[in-house]
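*Asks:* Residue numbers (the UniProt record's numbering): 1 to 113.
It should be emphasised that the hints constitute simulated quantities derived from the structure, not laboratory data. Ideal Cβ positions, reconstructed from N, Cα and C, are used throughout, including at glycine. Just so you know, not all the hints are guaranteed correct.
What the hints assert, rightly or not - Label-pair distances were calculated between CB atoms; the ranges are:
no., residue 1, residue 2, range
1, 20, 53, 12 to 22 Å
2, 63, 99, 30 to 40 Å
3, 35, 91, 29 to 39 Å
4, 14, 38, 18 to 28 Å
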Amino acid sequence: MATVTMPPSEEARTVFKRLGYAIDEEEMQFIAERKWRRVLVTPMCESDVESPERLLEGEDTTDYPRLRCFVTWKQSAETLLTYLRSAKPPYDWAIIGVDRDGDFEVVYPHSWA
1 MATVTMPPSE EARTVFKRLG YAIDEEEMQF IAERKWRRVL VTPMCESDVE
51 SPERLLEGED TTDYPRLRCF VTWKQSAETL LTYLRSAKPP YDWAIIGVDR
101 DGDFEVVYPH SWA
């Protein structure tokens, strides 16, 4: 299925714009800002979610914002949630599941957006 093989980059941008965040970068991974929040947003396709350690291990997080949000397709969100809970990364994080129709769901934490 084509939707899961590509990271939901445009969908991630749309979600954060709808939530009132300013977005400057045109890279796949981007910073979203609103009020006091600076969030590093990382879109992830299904294959990224199946092996997230290759994307997340060894990261130097000193230059990143304290808040991270991983945006993936809805059907992959629970797999990513399981991984991040066990990995316990050294930053605050959230997961948003999206679909092609523009619908999204904050999977974790439920009240963070």
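*Asks:* Work down the list of hints and note, for each, if the structure agrees.
*Replies:* So, going through the hints one by one against the coordinates:
1. Remark: the range hint 12 to 22 Å for residue 20 to residue 53 is contradicted by a beta-carbon distance near 32 Å.
2. Restraint check, residue 63 to residue 99: a C-beta distance of roughly 32 Å satisfies the suggested window 30 to 40 Å.
3. Separation of residue 35 from residue 91 is about 19 Å and departs from the stated range, judged on CB atoms against 29 to 39 Å.
4. Judged by the Cβ atoms, the range 18 to 28 Å given for residue 14 and residue 38 holds: they are separated by roughly 19 Å.
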